[in-house]
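Taken in sequence, the protein lines are chains A and B. No gaps in the numbering here: position 199 of the first sequence is 199 in the numbering used here, and each next residue is one more. To convert, count from 1 in the second sequence and add 291; that's the numbering used here.
A hint or two may mislead.
Unchecked claim - Computed list of chain B residues with no C-beta within reach of chain A, every gap over 12 Å: (1) T340; (2) G344; (3) P659.
As the list claims (entries may be wrong) - Partial list, derived from the structure: chain A residues whose beta carbon lies under 10 Å from chain B: (4) T36; (5) R40; (6) E44.
Hints were generated in silico from the structure; no laboratory data involved. A quick note: this is a predicted structure, and the numbers were derived from the prediction, not measured. Each residue gets a CB set at the ideal place from its N, CA and C atoms; glycine is no exception.
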Amino acid sequence: MKKTKIYSKYFVLPGLVLYIVFFVVPSFIGIYFSFTDWNRYSSEVKFVGLENYRAIFASGSNYLSYVRNTLNFTIISNIVKIIPALFLALLLSSNIRGQNVHRAILFFPALLPYLVIGLIFRSMLHPQTGFVNNMLRTLGLDFMAKRWLIDPKWVWPSIYAVDAWRGIGYVMTIFIAGLSSIPRHYYEVADIDGANFFQKLIHITLPMLKPAITINLIFGITYGLKVFDIIFVLTNGGPGRMTEVINTAIFKEFALGTYGMGTALSTLLFVFMVVVSVLLLKIMSKRELEL
Amino acid sequence: MKKWMSVVVLFMLWVATGTVCAQSGVTITEMVSQGWTTEVDFALAEMFTQETGIRVDIQVVPAAQHHDLLKAKLNAGEAPDVFWIQTNPFAIKVELDPEKNCVDLSNEKWVEVMNPLRIPSVSYDDKVYGLMLWHNSPEYVFFYNKTLFEELGIDVPTTYDALKEACEKILSENITPIYEYTSQGWHQVLPFAQIGGRYEELYPGIYDRLNNNEVKFVDVPAMLQALEQMKEMADKGYYGEDFLANTGTTAEIVNSLATGQAAMTLANPGLIKEIEAAYPDCEYEWGLFLIPIIDNQTYPFNPNGPARFIYKNSKNIEAAKKYFDFLTRKENLQYRIDHHPEWTNLDVTVDIEQHWLPMEIELIEKIPEDKFKLVLQSGVKYFNEQWMEVGKDIEAMYIGALEPEEILKNVDDRRAKIAKAIGDPAWQ
Chain A
1 MKKTKIYSKY FVLPGLVLYI VFFVVPSFIG IYFSFTDWNR YSSEVKFVGL
51 ENYRAIFASG SNYLSYVRNT LNFTIISNIV KIIPALFLAL LLSSNIRGQN
101 VHRAILFFPA LLPYLVIGLI FRSMLHPQTG FVNNMLRTLG LDFMAKRWLI
151 DPKWVWPSIY AVDAWRGIGY VMTIFIAGLS SIPRHYYEVA DIDGANFFQK
201 LIHITLPMLK PAITINLIFG ITYGLKVFDI IFVLTNGGPG RMTEVINTAI
251 FKEFALGTYG MGTALSTLLF VFMVVVSVLL LKIMSKRELE L
Chain B
292 MKKWMSVVVL FMLWVATGTV CAQSGVTITE MVSQGWTTEV DFALAEMFTQ
342 ETGIRVDIQV VPAAQHHDLL KAKLNAGEAP DVFWIQTNPF AIKVELDPEK
392 NCVDLSNEKW VEVMNPLRIP SVSYDDKVYG LMLWHNSPEY VFFYNKTLFE
442 ELGIDVPTTY DALKEACEKI LSENITPIYE YTSQGWHQVL PFAQIGGRYE
492 ELYPGIYDRL NNNEVKFVDV PAMLQALEQM KEMADKGYYG EDFLANTGTT
542 AEIVNSLATG QAAMTLANPG LIKEIEAAYP DCEYEWGLFL IPIIDNQTYP
592 FNPNGPARFI YKNSKNIEAA KKYFDFLTRK ENLQYRIDHH PEWTNLDVTV
642 DIEQHWLPME IELIEKIPED KFKLVLQSGV KYFNEQWMEV GKDIEAMYIG
692 ALEPEEILKN VDDRRAKIAK AIGDPAWQ
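Please model the complete structure; the sequences and the hints are all you need to start from.
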């Protein structure tokens with residue numbers, strides 16, 4: 001009989017020490033500094049209690065709108081990516097011709113750097129000279145030509161569209177992996193029972209895809225809460241401050257040297273992410289167990 | 292014996308090779324905002340490399356991001372060896388904290404190459420920290436299509452009403468009266484700040500009172516009026532329908548003006564050189580006039596401009612100093628002004644051949660001496676530091692998200708925040 005070797009628990013110590021020194025301690029120090037007025041203009045760091053948080057949540061404050069924008073982005077960007085990605089995954093798992101080529105094409109944008117995407121789409125979405133409006137005008141669809149990145153009504157939908165273009169392939173790939181693990185005989189039995197596409201989707205595919213949905217939701221929500229690059233390169237928070245989110249605000253606070261406020265915003269983001277991720281994991285794992 | 296000799300020779304060769312490699316392996320990183328650098332900087336950097344073997348890696352950052360990125364890098368202790376920033380005597384401490392971040396260059400020979408009026412902008416506590424090689428042209432006045440104005444019978448506007456009238460006439464010809472852009476974050480602040488002399492003219496001593504916190508921006512009616520007029524110009528379409536999408540790149544500005552799509556823009560006179568280079572067949576004549584918002588007729592005098600600094604924690608301080616020595620040599624200053632695509636002169640004490648344009652001389656000669664006034668950003672504390680934030684606010688005003696009065700309140704709030712953090716007694 002093969003013996004299982006049990007290593008000493010002390011072997012975990014180096015990793016644990018590194019984790020504590022480089023992650024836990026800085027996190028707690030950061031949380032402490034969020035209650036101070038730490039800034040680069042003064043060497044004195046004063047404890048200000050909840051003052052930074054009060055400024056964030058004061059009615060009419062810019063910060064509050066950044067928090068709102070971040071939460072909206074998190075919800076909407078996930079909806080516009082996950083639903084189409086699911087249907088694309090179903091389509092590209094149904095043995096259509098050239099499905100691997102289609103998968104590769106859809107995944108390709110996820111490999112592009114955000115800077116490249118920003119430069120390309122800023123040019124494509126230019127109201128006068130951009131490819132999108134020029135194409136719409138050529139097709140006689142002038143009424144659909146919009147001021148994509150500068151009109152307050154269209155700037156967010158434009159960001160969602162570009163973000164979806166980049167992210168759908170990645171989400172779809174996770175769904176395809178999930179779909180490939182569903183035993184085929186479930187569908188064969190359903191076919192014998194005369195189930196149609198939607199019945200199979202509701203009663204077999206979606207329940208069996210819950211692990212993939214959980215992964216996509218966790219990735220999507222953490223990405224949404226941490227969003228920075230796509231906003232920074234497409235609008236830099238503009239027009240005005242319409243598309244500022246928590247991370248662009250943190251970047252600007254640190255640039256201004258108001259570290260206390262910057263760490264308060266970071267702490268807030270950290271709390272949001274912990275709460276949402278824990279809740280989501282609990283809900284989804286409970287449902288997975290029920291299966 | 293022979294064996295030992297071979298070892299010694301080999302050792303000496305190794306040391307010599309190592310020394311050469313070490314010298315030629317030095318690379319200075321230099322971070323600069325897109326609008327401040329041109330091919331002439333790259334050419335000079337290449338010449339420096341050929342002479343010394345020290346490479347210069349010029350990192351050009353989009354204007355909208357340069358300020359925040361540089362400040363973030365400085366605050367994180369990861370700045371490049373050489374960096375550019377626009378400062379003034381009031382802002383240098385807040386913007387740079389020079390004692391902590393910059394190398395003291397007071398004893399460098401080239402300090403006397405700079406115009407003495409510019410030295411306070413790169414100095415703190417009697418120490419010189421920066422090298423400012425900048426031009427002395429009329430800065431950010433209206434650059435306009437003289438030919439078009441003559442064809443439409445428009446006189447050079449000297450009041451806001453006359454500017455509006457001119458814009459209406461131009462607009463009726465389906466031409467954008469003013470090429471304006473906000474995408475780089477800074478240009479939209481100019482019409483408000485370059486007319487600082489007018490505020491001082493209307494309320495003598497207003498700069499001192501603002502600096503002593505005896506009055507706030509929001510209490511200055513002319514400032515409110517200036518913003519309201521800027522908003523009115525945007526609303527009336529004088530900047531064009533989609534000006535928020537304008538990129539503000541030199542190519543786009545030149546194209547808009549040289550092809551007659553736009554009639555004016557706030558720019559430096561050197562723009563004419565860019566137009567001549569890109570559109571040699573363009574037959575338009577060009578001229579300059581002062582920004583007539585709130586009937587301003589003061590000349591925007593500004594001894595401050597972007598300057599280079601050496602990062603204190605750099606490992607290549609000596610190489611960077613050599614680079615500054617090289618840039619300030621007479622023949623290289625002459626090279627700069629001979630090959631610069633935009634500038635017509637260089638504000639240095641060294642006797643070099645300048646290339647002033649007739650239209651610059653024409654404008655300057657017309658202006659009475661008492662109309663040369665310091666611009667707002669150089670005369671009032673804690674304004675230059677928030678330039679990009681004011682830019683955001685003005686953009687928000689253009690889309691209707693912020694009122695002019697709110698912009699002034701925001702400026703006051705940010706000034707108070709900085710002043711209190713520094714411990715300015717006027718704000719205690």
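A closest beta-carbon separation below 10 Å is what the hint needs, so does A/T36 meet it against chain B? violated (12 Å)
Beyond 12 Å from every chain A Cβ: check whether that's true for B/G344. B/G344 is indeed farther than 12 Å from all Cβ atoms of chain A, at 32 Å.
Take a quick look at B/T340 and tell me if its Cβ sits farther than 12 Å from every Cβ on chain A, holds or violated. It holds; B/T340 is separated from chain A by about 27 Å at its closest Cβ, greater than 12 Å.
Per-residue hint verdict: A/R40, partner chain B, C-beta under 10 Å: Holds, because the Cβ-Cβ distance from A/R40 to chain B comes to roughly 6 Å (cut-off 10 Å).
Closest CB-CB distance from B/P659 to chain A, is it above 12 Å? holds (39 Å)
Given A/E44 as an interface hint, is its Cβ closer than 10 Å to any Cβ of chain B? With a closest approach of 9 Å, the A/E44 hint holds.
Hint compliance for this structure: hint 4 is the single one not met.
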